[in-house]
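These are the residues of each chain, in order.
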Amino acid sequence: MIDLQRHQLSAITPEFRIKVVGLGGAGCNALDRLVLDGVPGAELVAMNADAQALAGSVATQKIQLGRTTTRGLGAGGDPEIGYSAAEESLDEVRSTLSGAQMVFLCVGLGGGTGSGGARLIGSVAREHGALVVAFATMPFTFEGRRRMAQAEEALAALQSVSDVVICFDNDRMGDAVSPRAAIQEAFAAADHTISQSVRAIASLATQKGIIQIGFDELAMALRGASRGGSRCLFGSGEADGDNRAHEALERALKCPLMDKGKMLGDAQSVLVNVSGGTTMTLNEVQILMDEFNRHISDTTQILFGTSVDPKLGQKMSVTIISAIGVAPSAEAVRPIAHAQPAAMIPRAAEPEAEDPKERTADISYATTDPISLASPEAVAAALAANPLADDGTSNLSNVARIAAAKKAAREAKQEQMQFEPITRGRFEKSEPTIVDGQDLDVPTFLRRNLKIR
Amino acid sequence: MGKENIVIGLEVGTSKVCAVVGETKHDGTIRILGVGQAPSRGVRKGEIVDFETASKCVREALVDAEEKSDVMIGSVFLAITGGHMDAFNNRGAVNLPEDRDEICEEDFEDVQTSAREVSIPKDNMFVHSILQHYYVDGQDGVLNPIGMLGRRLEADFHIIHGVSNRIRNSVRCVKEVGPEVLDVVFSPLATAQVVLDQNQKALGALVVDMGGGTTDYVVYVDGAVKQSGSLPLGGDHITNDISLGLRIPMAKAEKIKVEEGSVVLGNCLPGETVTLKDETGFAGKEIEREMLHNIIHCRVRETFELLKRRLDTDNYLHFLGAGMMLTGGCSQLKGIQHLAEDVFGLPVRVTHAQTVSGLTSAFENPQFSTAIGLIKYAEATQPIRQRGFFSRLRQRIPFLGF
Ligand SMILES: Nc1nc2c(ncn2[C@@H]2O[C@H](COP(=O)(O)OP(=O)(O)OP(=O)(O)O)[C@@H](O)[C@H]2O)c(=O)[nH]1
Ligand SMILES: Nc1ncnc2c1ncn2[C@@H]1O[C@H](COP(=O)(O)OP(=O)(O)OP(=O)(O)O)[C@@H](O)[C@H]1O
Ligand SMILES: [Mg+2]
Ligand SMILES: [Mg+2]
Numbered sequence: 001m002i003d004l005q006r007h008q009l010s011a012i013t014p015e016f017r018i019k020v021v022g023l024g025g026a027g028c029n030a031l032d033r034l035v036l037d038g039v040p041g042a043e044l045v046a047m048n049a050d051a052q053a054l055a056g057s058v059a060t061q062k063i064q065l066g067r068t069t070t071r072g073l074g075a076g077g078d079p080e081i082g083y084s085a086a087e088e089s090l091d092e093v094r095s096t097l098s099g100a101q102m103v104f105l106c107v108g109l110g111g112g113t114g115s116g117g118a119r120l121i122g123s124v125a126r127e128h129g130a131l132v133v134a135f136a137t138m139p140f141t142f143e144g145r146r147r148m149a150q151a152e153e154a155l156a157a158l159q160s161v162s163d164v165v166i167c168f169d170n171d172r173m174g175d176a177v178s179p180r181a182a183i184q185e186a187f188a189a190a191d192h193t194i195s196q197s198v199r200a201i202a203s204l205a206t207q208k209g210i211i212q213i214g215f216d217e218l219a220m221a222l223r224g225a226s227r228g229g230s231r232c233l234f235g236s237g238e239a240d241g242d243n244r245a246h247e248a249l250e251r252a253l254k255c256p257l258m259d260k261g262k263m264l265g266d267a268q269s270v271l272v273n274v275s276g277g278t279t280m281t282l283n284e285v286q287i288l289m290d291e292f293n294r295h296i297s298d299t300t301q302i303l304f305g306t307s308v309d310p311k312l313g314q315k316m317s318v319t320i321i322s323a324i325g326v327a328p329s330a331e332a333v334r335p336i337a338h339a340q341p342a343a344m345i346p347r348a349a350e351p352e353a354e355d356p357k358e359r360t361a362d363i364s365y366a367t368t369d370p371i372s373l374a375s376p377e378a379v380a381a382a383l384a385a386n387p388l389a390d391d392g393t394s395n396l397s398n399v400a401r402i403a404a405a406k407k408a409a410r411e412a413k414q415e416q417m418q419f420e421p422i423t424r425g426r427f428e429k430s431e432p433t434i435v436d437g438q439d440l441d442v443p444t445f446l447r448r449n450l451k452i453r
Numbered sequence: 454m455g456k457e458n459i460v461i462g463l464e465v466g467t468s469k470v471c472a473v474v475g476e477t478k479h480d481g482t483i484r485i486l487g488v489g490q491a492p493s494r495g496v497r498k499g500e501i502v503d504f505e506t507a508s509k510c511v512r513e514a515l516v517d518a519e520e521k522s523d524v525m526i527g528s529v530f531l532a533i534t535g536g537h538m539d540a541f542n543n544r545g546a547v548n549l550p551e552d553r554d555e556i557c558e559e560d561f562e563d564v565q566t567s568a569r570e571v572s573i574p575k576d577n578m579f580v581h582s583i584l585q586h587y588y589v590d591g592q593d594g595v596l597n598p599i600g601m602l603g604r605r606l607e608a609d610f611h612i613i614h615g616v617s618n619r620i621r622n623s624v625r626c627v628k629e630v631g632p633e634v635l636d637v638v639f640s641p642l643a644t645a646q647v648v649l650d651q652n653q654k655a656l657g658a659l660v661v662d663m664g665g666g667t668t669d670y671v672v673y674v675d676g677a678v679k680q681s682g683s684l685p686l687g688g689d690h691i692t693n694d695i696s697l698g699l700r701i702p703m704a705k706a707e708k709i710k711v712e713e714g715s716v717v718l719g720n721c722l723p724g725e726t727v728t729l730k731d732e733t734g735f736a737g738k739e740i741e742r743e744m745l746h747n748i749i750h751c752r753v754r755e756t757f758e759l760l761k762r763r764l765d766t767d768n769y770l771h772f773l774g775a776g777m778m779l780t781g782g783c784s785q786l787k788g789i790q791h792l793a794e795d796v797f798g799l800p801v802r803v804t805h806a807q808t809v810s811g812l813t814s815a816f817e818n819p820q821f822s823t824a825i826g827l828i829k830y831a832e833a834t835q836p837i838r839q840r841g842f843f844s845r846l847r848q849r850i851p852f853l854g855f
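Quick note, the sequences are listed as chains A and B, same order. 350 is the number that the working numbering gives to position 350 of the first sequence; each next residue is one higher, with no gaps. Start counting at 1 in the second sequence, then tack on 453, and there's your number in the working numbering.
Hints are computed from structural coordinates only; laboratory data are not their basis. This one's a predicted model, so the numbers in the text were calculated from it and none came from an experiment. Wrong hints could be hidden among the right ones.
As the list claims (entries may be wrong) - Some chain B residues flagged as far from chain A (calculated, every beta-carbon gap over 10 Å):
id: 1; residue: N458
id: 2; residue: R553
id: 3; residue: S617
id: 4; residue: N747
id: 5; residue: K787
As the list claims (entries may be wrong) - Using C-beta positions, here's what the derived DEER-type ranges look like:
id: 6; chain 1: B; residue 1: F579; chain 2: A; residue 2: N283; range: 57 to 65 Å
id: 7; chain 1: B; residue 1: M601; chain 2: A; residue 2: D298; range: 55 to 63 Å
id: 8; chain 1: B; residue 1: D503; chain 2: A; residue 2: D439; range: 20 to 28 Å
id: 9; chain 1: A; residue 1: D439; chain 2: B; residue 2: L596; range: 41 to 49 Å
id: 10; chain 1: A; residue 1: D439; chain 2: B; residue 2: G798; range: 24 to 32 Å
Stated by the list, open to error - Straight-line alpha carbon distances no greater than 25 Å define the calculated DSS-like cross-link-like pairs of lysine-lysine that follow:
id: 11; chain 1: B; residue 1: K521; chain 2: B; residue 2: K628
id: 12; chain 1: B; residue 1: K787; chain 2: B; residue 2: K761
id: 13; chain 1: A; residue 1: K429; chain 2: B; residue 2: K478
id: 14; chain 1: A; residue 1: K254; chain 2: A; residue 2: K315
id: 15; chain 1: A; residue 1: K429; chain 2: B; residue 2: K521
id: 16; chain 1: A; residue 1: K429; chain 2: B; residue 2: K787
id: 17; chain 1: B; residue 1: K478; chain 2: B; residue 2: K521
id: 18; chain 1: B; residue 1: K787; chain 2: B; residue 2: K628
id: 19; chain 1: B; residue 1: K509; chain 2: B; residue 2: K469
Just so it is clear, CB atoms sit at the ideal spot from N, CA and C, and this is done for glycine as well.
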């Protein structure tokens, strides 16, 4: 077994705390769905100005926003009122979110409470050093121009305070239901998709990966997703039985936001996470990835993670996340390193406590910290930029330094990940040597999945 | 010393460019006068990928060779290699005209032309047609049919071809620097000229040159070339694997490979480590020795296994009385001989240029086998050249035993 991980960048926190916030009517509805579906290891908090709606929520933690501002009514579709309502209750929000390491913010943009409050809630979460992932829906076209404009403005504000914004078009999610279905059905379908993606990303963040997906990889996969005009591709599927690898993938590709995999060909990078019970074999992962590769173009970068989760029993589960659309712009996904509190940085892509017993699968080419994953050149560059990062004693306050290190690590990741055709190192730009379908430039020990020692 | 006896062998290798200045003597031995070298850049897997950079390296090596040997370099023999090189065996035949029954030189040309009447990819060109055997009126065992009486001349050839553009690129890269390219020679053929003697060729032998970018090979059976080729895998891959596996920069991986590399498994002490020193000599990262060996082992074994599979397509491995000769930079890896024996089931010798005199340090270095071999190749084909046929006709007069 190759266990190449030597240094942790900092002490491992015993548990990774996630809080999921549902904001406004839409956000709370999505949150209710999540409560029913269950998000292991996460606390769910409903926040709304509308007291009546809040009372109907099944979430255990609730915050009524702007008691005096709206006196228990909604924001009436006015983001300014939504903003004041959130502002009034900021202390309560702050104490609820303190201690969270990751905050998922679910919000329907276009109304008042959600559109107005999202930015404030996001920045409060940030204050505590949490990573903020926003799940935002854009209104249906039939809701009118004004709501759309409000939503767009709110989206831009939300982007400025979130590490990642995953944006769902209600118009598209409605595709899943029949054209004549009642609007409630369309919303329910949307909530279901949101719930799936929240749970998938939560489990990405908490799983003990054999090949761990780092947060900045997630950000990379979603690059461009936060633009109004871009589309988030999301699919996840589970299956058991003899053909579980194939079936799980097929189900994931059938998800409404997946377009049966057709859109994947246009994606620049795609995040794929495969997990399974202890019976999952490397071969199955390989089969699944080979099949998946047929859906993407040669230039698509795969960000691949895999983990063993005994809870899955005989099942295999695959999650695909990507974004396509407008050309990635600088602000589409704000570089994580900048606004993020410095102390958070090493933790961002840091492994969960690595329990050696968990790593029972054949491969364990751990890629758990961002720097050790990097190409040697990038490691050198990163360490030169941040010489103390290796021993955990680093003074991480120098944002520029960290940004450089992160950037180097990220660039390196773009070059190589664990599965072909990515780990080619020096041969990155040369004509590949393919024999029997194998890229021989990828290290033999990786391809043969050799247990070193 | 007559200037016509001076030959320069140039190899633009993946890891180094090397120009060997040699003097060929009448008794067939060669003497090395000097070796010029430069680290190679712009070459991957044996092929030039960055023309300008490679040209600079060639210039550096040639200048170095001129200084070391005190010889002005006006022309070179150039080794070429790469995964695009391919080969096959084919028989050519001619019937003598009705009014003549004595075989003459002209018939060689025709028989060779007919052996080349096979389609090769349209982007490819013929590089060598190496005679294997003659048959006169169906009789084999003919050494020199010229002057023999017969009606039909046949001959088997080992025909080597490669992608024209890539070969021309190599030639152009050298010409750009100045010297004339007298001939291009497929690397393993050149190498074999100095690592094998006539006897070993007759007994049958496999020569493997494991360099930085390619693993080149040639098989001799009954004194004739039967198989040859180049796998685009070599020491660079080993280094790359180490670099990715141990997460150290390429330069460090290269150093640790050369200094500590081995393919032997299971003979390390539990927990034995190698310390990676940094530039200032301070102890740095500790690397598990067994892991290092394992990464190298996997790659080298795989490369050998692929080569064996290629060789197995014809059944010559059972006819190699002289076994396998391993040369090139990677042949210096510890334990590689036993690994090769294990994979190929042949006796293996790690070797370098033989029957050469002069600078010992040069010919004892397995990395120079190819460049030195070029000099021997030139010497071996020289009699024909001096008869004035030069390179145009050289190919048409198949030279037995080469
Ligand atoms: N997915 C989903 N989207 C919804 C749902 N309800 C509303 N939306 C969308 O979310 C947008 C914002 O609506 P709300 O969440 O009700 O508005 P709000 O944020 O509470 O603000 P107020 O109108 O002031 O109460 C709407 O324009 C719809 O596009 C829902 O149940 N599910
Ligand atoms: N002592 C050593 N142990 C292991 N490997 C070595 C040693 N010395 C050199 N090498 C390796 O040998 C390779 C270079 O060999 P060589 O000089 O024969 O190749 P080349 O002619 O430059 O390349 P090619 O012929 O493939 O284009 C390099 O990968 C180098 O790391
Ligand atoms: Mg509302
Ligand atoms: Mg060589």
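Checklist entry - In ascending order, which of the hints set out earlier in this document are inconsistent with the structure? => result 4, 6, 13, 15, 16, 18
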